[in-house]
Structure formats: structure tokens, C-alpha cells
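**Q** The sequence shown begins at 1282 in our numbering and counts up one residue at a time.
No wet-lab data here; the hints were simulated from the structure.
Be careful, since some hints might not be right.
Estimated spans, in silico, between C-beta atoms of each pair [claimed, not checked]:
1. E1426 / V1317: 17 to 27 Å
2. V1363 / G1419: 32 to 42 Å
3. Q1342 / R1397: 32 to 42 Å
4. V1344 / V1409: 17 to 27 Å
5. L1413 / E1346: 24 to 34 Å
6. P1318 / R1357: 15 to 25 Å
Beta carbons: idealized from backbone N, C-alpha and C, even for Gly.
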Amino acid sequence: MRIYEGSPRQDFEEAFRSIGAFLDQRGMREVLLVEVPDGFVVQGLVVSAGGGSSWGESMGQQVKETLTFLDEDIARFMEEAVARRGSGRPADWASAGQYEKAFRVLGRYMDEQKPRDVFFFEQDGAYVVRLLMSGQIGSRHVLAEFTREDIEAMIAAGAASRGGDDPARAVPGA
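Take these sequences, add in the hints, and give me the full structure.
**A** Right under this line is the structure:
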């Protein structure tokens, strides 16, 4: 994912799209994602399978779960996604989960910013993003906030720019 050690990560759009698809399948909510030297750590809430005997316990409990995605894992997820999309089945973006869509457009935004590393968290469909940016005067953190409506607009703009099939190519200014 990095061209050489210490370089900015390449292609947040596809990496985050892959992570988002995994989280959608896992049913994770209210996520936090932090970039680490060899990948990403994601933490969020999931419903654990209930095993108790009472009615409330049989529905499960919401628990915090932490996942580590190494660069090798992300590369494998991305290869599998490309294979699925290239397998002759039409890409059905409409059936993609919310995190796959949201993470993809956030990744596109981050690719345009070219940060040295990233951190973001989501609450109720809104995201706060912290990017470590490098410049002539050194490195500094930059914050950006995306409301649920901003994310929905970014997803819709991407879909419209690509004929409605696969968004995230046109991200409005944030």
C-alpha cells in the first residue's frame, strides 16, 4: 500500500471501500479508524450473538470490537473486490452497504489531500477526519467534518458522474 517506507499511503479510496464492505458484512456501527505503520485499526460496535436463556439475552448485546487490518489483508480484500467486479456479474452499487459507499468517498477525498496518515470516527453517519499533512513548513494535523448529508451528497455526486453505477469519482468540496 505504500511505495516505500514512510511514504504516504496510496489509494485510500479502494482500501477504505474494501474495509467498509467488510464492516457492512460484519454489522459494525459507530466506527473509529486509525492508520498505523502496517495497516489500520478499526474499532466499533457490533451485536454479539445471544446465548442466554432470557428473552433480552437471546437478542444479543452490543459490544465494542477492535479489528486490525494489515496492509497484506487490505491488498487481498482489494484483489478479491476487483475479481468480483470483473467476474462478469454487473456491479450493483445500489446493493453496496453504507460503509462501503461512505468509506469510498472519504477515501477519494483523502487521496486528493495526500495526507501522511489518517484518523477518523463516525457517529450516526457523520464523520470527523484528522489528516496529517506535510508541507514546506513541516507537518500539521488538519480536521474536516462531514455531516450525514455531506456524505450522502458525495455518494450521489459520484453516482451521477459515473452514470449511477459506481460513485466516488466526483467529490464536492468539503
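**Q** Of all the hints numbered above, which does this structure not satisfy? Sort the numbers upward.
**A** none
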